[in-house]
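> Residue numbers (our numbering), protein chains in the order written: chain A, 1 to 513; chain B, 1001 to 1167.
The hints are simulated quantities; they were obtained by calculation from the structure and are not laboratory data. Hints should not be assumed to be uniformly reliable.
[Claimed, not checked] Keeping only pairs whose Cα atoms sit at most 30 Å apart, straight-line, the calculated DSSO-like set for lysine-lysine is:
1) A:Lys429 <-> A:Lys356
2) A:Lys7 <-> A:Lys463
3) B:Lys1142 <-> B:Lys1167
4) A:Lys239 <-> B:Lys1123
5) A:Lys487 <-> A:Lys456
6) A:Lys239 <-> B:Lys1105
7) A:Lys487 <-> A:Lys2
8) A:Lys429 <-> A:Lys463
9) A:Lys7 <-> B:Lys1142
10) B:Lys1095 <-> A:Lys487
11) B:Lys1064 <-> B:Lys1095
12) A:Lys404 <-> A:Lys286
13) A:Lys239 <-> B:Lys1005
14) A:Lys456 <-> A:Lys503
15) B:Lys1095 <-> A:Lys239
16) B:Lys1095 <-> B:Lys1105
17) A:Lys286 <-> A:Lys2
18) A:Lys239 <-> B:Lys1167
19) B:Lys1064 <-> B:Lys1005
20) B:Lys1005 <-> A:Lys486
21) A:Lys456 <-> A:Lys7
22) A:Lys404 <-> B:Lys1095
23) B:Lys1142 <-> B:Lys1158
24) A:Lys356 <-> A:Lys463
25) B:Lys1105 <-> B:Lys1123
26) A:Lys7 <-> A:Lys199
27) A:Lys286 <-> A:Lys199
As a plain string of letters, each chain reads:
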Amino acid sequence: MKINPIKRGYLYLEAWFNYSFGPEWNPLYHLGTLTFFFFWVVLVSGIYLFIFFDTSLNGAYASVEYLTHEQWYLGGVMRSLHRYASDAAIVTILLHMFREFALDRYRGFRWFSWVTGVPTLWFVITLGITGYWLVWDELGLYVAVLSSQLMDALPIVSGSMASNFLEGQLTDRFFTLMGFLHLLGQPVLLIFVLWIHVKRMSHVEISAPRGLAIGSFLALLALSLASPAVSHAPADLNKVPAILNLDWFYLNIYPLLDTVTAGQTWVITIGITMVLMLMPWIPPKKTGPAAVVHLDECNGCGQCAVDCPFDAITVQARTDEARWEYEVVVEDNLCASCGICVGSCHSSNPFRSREKRLETGIDMPQFPIDDVRRQTREALSRLEGDTRILIFGCNHALDASELKSPGVAVLNLICTGMMPPTLVEYALKQGADGVFVTGCRNGDCFYRYGNIWMDKRFEGVRKPILRDRADRSRIMVQRAAETDRKKLQAALAEFQLQIAADKTDSARNLDHA
Amino acid sequence: MLNPKRLILQIFNYGLFMGLVWYFSFAPPYIRLNPDESMITLALSHSGERMEECRQLSPEEMAKLPPNMRISTDCPRERSPVTIDVQLDGNSVFKTMAEPPGLYKDQGVDIYHSIKVPAGTHKMVVEMNDNANKQGPTHTHKQDVTLDPAQLLVIQFKTSTGQFVVK
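Pulled out of the complex, with its shape left as it was, chain B reads as follows:
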C-alpha cells in the first residue's frame, strides 16, 4: 500500500520532471531574425569555365592513342574557381571564392549561404567571376530590392541563360 506521504512526494517529483520536459520542449524561444530584419539566400549551382581551352589534336598525337580512345579534341578537365560578391548599398555583405570540387577540380560549384540584412529598400549588386583567366566580374546583376521584415530573397544563377535570377 502506497503511503500518502510518498504519494505526494512522487507527484511532486513527476511534476518537476514533466515541468522540465515541458519547458525545454518549446522555450526559451529562439529569435532568428529581429523584427526589422530579412534574409538573402544565395543558392548557386554553377560550373566555372575551363582553365584551359580545348585544342585540336594533331594526326600524330591521335595516332599515339589506342584506337578506341581516339578523339579529335583534348579538353583539360580543371575548371575555374567561382568568385561571388553580393553588395548592398555599396557594401559587400557576402564574398566568397569556391574552388571546384573533385580530384581533377572538374565539378560544378555549389554555394548556399544566407545573410541577415535590414528590411527596406536596397541597391543590390551581385558580381560573379567564373573564369580565372579574366580580371573582374564575368557576370553582374544590379537591382533595387525592397525587403519586408522576415522576407526571404533568393539569388540564383541560371547557367543556360547566363543570368542571375532574383525572387
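Okay, chain A solo, but in the shape it has when bound:
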C-alpha cells in the first residue's frame, strides 16, 4: 500500500523517537502536554520576573537588566527559562499541528479540535509579542511601533497608535497596561481558549510524563546557563534600531511590514488563518455512523461512557421499564465511530446467543459485533496447516491483510479497542492456534485510547478483562504503523514458530502420558 510521503517521513521520525525515548516518553506522543509543561515553566518564571519588574518608562529596561546581569544566578536564569520555554512551546505547537496533519487527524470528527487550535497558536504568539514590548529595548520599541501600525490599519481603531511612540508621547501608564495584558489578560484568555480546544475530548492529559518533563527542564536549564537571554540596547525614540536579533518564533511577521503595507500584512495573516481553519474541509472527511445503543442489552453500567475518548456517551436515568437504574445515550455529532464502546460492553461477549444474532448494549452499524463474530468464524474455517493464526488488525495502522497466508487469517477492525477480550478467547476456542493482535503503535492510537484500553483489558486492570483462563502463550500483541512491515512480519514469524513449538511440546507430552 502506498503511503503519503509526509506521513511516511513523520512515521520514521516517530520511530526514531520511539527508539530514543521509548513509547512512554516519546515527545511526539506528548506534544500537547509538553506545550502545557512549557507554559507552566513560563508562568512560574514570569511570576518571578514580575516581582522585580518595574512597570515604568524609565525603570522597565533597568529592572530587566538588573535581573539579567546583577541577579544572573536566579533572575537571569529565570529570564532565559521564560524566553526559551516560550520558544520551545511554539516548536511543540507547530509539531503538534504537523503531526495531526501528517496522520490525517484534523478532519472529520476532529474538525473542532483543529479549528480551535489555530487561534490558540495566535493567542500564544500575541502573548509572546507583548512580552517583548515589556523589555523596552530597541527590539521592544520596534515591536511596539510595528504592532501599533498593524493596529492602525484596522478600521475599528481610530487615531494613530503608532504616534504614541514618538518622543514625548509615551507615559508610564503604557507599561501598566502592557503589564496587565501580558501578565493577566492574555494568559487567562489563553487558558480559556485551551479549555475550548480540548472540550470535545475526555481523559484529557495536561501533565507531561515525569521523565520527559525532567529531561525538557534540564535541557532548558542547560541552554539558559550556556546562552542567557539578553536585551538589545535601551529603546531610543530618536533612533531606528538598524540590526535586530529577532525571535523568529514570535516576531516573524514584522519584517513583512517593511515590504508590504500593514493592511496587506493583515490580509496575508487572515488568509493563512482562514486556509488553516478550513483545512478540515479541503477535502472533507466523512465520519462513520454513530454508535447505536440497544437498551435491551444495556444494563447501564456506564463502562462505554468511561471509555469513550471523545465524550460522546453519557449516562442517564432509565427511560424504559427495565430493572436497571441507568442507560447510556450516544450524542451522534460527537461520536467518532471508533467502536471502542463495543469493546467496553460486557454484552459484546461472543459466547452469548450462539444460535442467534449477537446483540450487544452498544454497537457499530457499519460493523456490528455479530458480523465481527461471524467473520471471525469464517476466517478461522478457511485456515489451513498446523499453525493457524488469526490476526486482529485495525483500519488505521499497517494493513494486516498483507500478512495473509493459508495458515494466517486477518480480520481488520475499526480499532482494536472495539475488540472485547472474550473475542480472543472465542477465536482460540473456535480453532485458532494463536491470536495475533496488531494496530496503532504503542503510545499512539488513531482514536486516542483504543490500544491503551485494550492493553489494560488484557492485563486485567480495566473492564471487561481478559479472563485468566485465556492461554496467554497463544496470544501476541505487536503493534505496527504502515512503515513497520518488516518488524511485524518478523514478529509474526516468531509467533508462528513459538506456536508450532508449543504444539509439538504438547503433542510430545500427550504421547508420554
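Given the coordinates of chain A, work out where chain B should sit on it, guided by the hints.
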C-alpha cells in the same frame, strides 16, 4: 533503569531541540537599515478643511426645524481629503492622499509612514493640501536636514499653528 545508549540518544535529541530553539530565538539577524541609511517618519493627525463652507440659515429655514434643533448655521460635515508629498533633493519619496474616515467623511486624517532614506544632508520639502477646493499645496515646509545613520527624523503637523514640526 535507563539504559546508557538511550540516555545518550535522548541527550542528543534534547540538544538538537534546544539548538533549534536557541538559534531561531535570535538569529539570523534582521537588518532593518543599512549602515548608511536613516529613516523619516511622517506622523500626521489632521482634519482637512470643510468641503463646503458653513452658511447662515434663513428665518424660514430655521422655522422648519424642531424648536430644540434650531441653530443659526448649517455646516456640512464632509471634510477635504489630505494630500501630502515629501520630497528629498527634488525627488518625491512619499506621496499619498488620505480620505477622511467616518460615515460622513467628517473625521480627522491619520497618516503614519516611515521611509528609509540615505544618511547625509538633504534638501527636504513637505507639501500638504488639506483643501480640495484649492489647487496646489496649502501648507509647505522647506528645510535642509542632516541625517546621521540610523537617525529617526519625525515630521509632524501642528494644527493649532498651521505649521510643520520637524525633529
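> Each of the hints needs a verdict: does it hold here or not?
Comparing the hints with the structure gives:
Annotation: proposed proximity of A:Lys429 to A:Lys356 holds, straight-line Cα distance about 18 Å (limit 30 Å). For the proposed pair A:Lys7 and A:Lys463, the alpha carbon gap of about 34 Å is over 30 Å, so the pair is violated. A distance of roughly 13 Å separates the Cα atoms of B:Lys1142 and B:Lys1167; the hinted pair therefore holds under the 30 Å criterion. For the given pair, A:Lys239 sits about 21 Å from B:Lys1123 by alpha-carbon distance, which is consistent with the 30 Å threshold.
Simply put, A:Lys487 and A:Lys456 have alpha-carbon atoms about 23 Å apart, close enough for the 30 Å limit, and the pair holds. Proximity of A:Lys239 to B:Lys1105 is assessed by CA-CA distance (about 35 Å); at most 30 Å being required, the pair is judged violated. Straight-line distance between C-alpha atoms of A:Lys487 and A:Lys2 comes to about 18 Å, which keeps the hinted pair within the 30 Å bound. Among the hinted pairs, A:Lys429 with A:Lys463 is consistent with the structure: their alpha-carbon atoms are about 21 Å apart, no more than 30 Å.
Proposed proximity of A:Lys7 and B:Lys1142 is contradicted: the alpha carbons are some 64 Å apart, above 30 Å. Taking the CA atoms of B:Lys1095 and A:Lys487, the gap is about 68 Å. The hint is violated against a cut of 30 Å. With a C-alpha separation of about 46 Å, the suggested pair B:Lys1064 and B:Lys1095 falls outside the 30 Å cut-off, and the hint is violated. For a cut-off of 30 Å, the pair hint linking A:Lys404 to A:Lys286 stands: about 29 Å separates their Cα positions.
As the CA atoms of A:Lys239 and B:Lys1005 are separated by approximately 53 Å, the hinted pair breaks the 30 Å bound. Using a Cα cut-off of 30 Å, the hinted pair A:Lys456 and A:Lys503 holds, with the two alpha carbons roughly 28 Å apart. A C-alpha spacing of about 23 Å is found between B:Lys1095 and A:Lys239, which places the hinted pair at or below 30 Å, so the restraint holds. The hinted pair formed by B:Lys1095 and B:Lys1105 meets the criterion: a straight-line CA distance of about 21 Å does not exceed 30 Å.
The hinted pair formed by A:Lys286 and A:Lys2 meets the criterion: a straight-line CA distance of about 21 Å does not exceed 30 Å. Taking the CA atoms of A:Lys239 and B:Lys1167, the gap is about 12 Å. The hint holds against a cut of 30 Å. The straight-line distance between the Cα atoms of B:Lys1064 and B:Lys1005 is roughly 95 Å, outside the 30 Å bound, and the hint therefore fails. A threshold of 30 Å between alpha carbons decides the hint, and for B:Lys1005 with A:Lys486 the separation of about 23 Å falls inside it, so the pair holds.
Simply put, A:Lys456 and A:Lys7 have alpha-carbon atoms about 28 Å apart, close enough for the 30 Å limit, and the pair holds. Simply put, A:Lys404 and B:Lys1095 have alpha-carbon atoms about 75 Å apart, too far for the 30 Å limit, and the pair is violated. Straight-line distance between C-alpha atoms of B:Lys1142 and B:Lys1158 comes to about 16 Å, which keeps the hinted pair within the 30 Å bound. Distance hint between A:Lys356 and A:Lys463 is fulfilled; the C-alpha atoms sit about 25 Å from each other, no more than 30 Å.
With a CA separation close to 34 Å, the supplied pair B:Lys1105 and B:Lys1123 exceeds the 30 Å bound. A hinted pair counts as satisfied when its Cα atoms are at most 30 Å apart, and A:Lys7 with A:Lys199 qualifies at roughly 27 Å. Between A:Lys286 and A:Lys199 the CA atoms are separated by roughly 21 Å; this keeps the pair inside 30 Å, and the hint holds.
In this structure, the hints that do not hold are numbers 2, 6, 9, 10, 11, 13, 19, 22, 25, in rising order.
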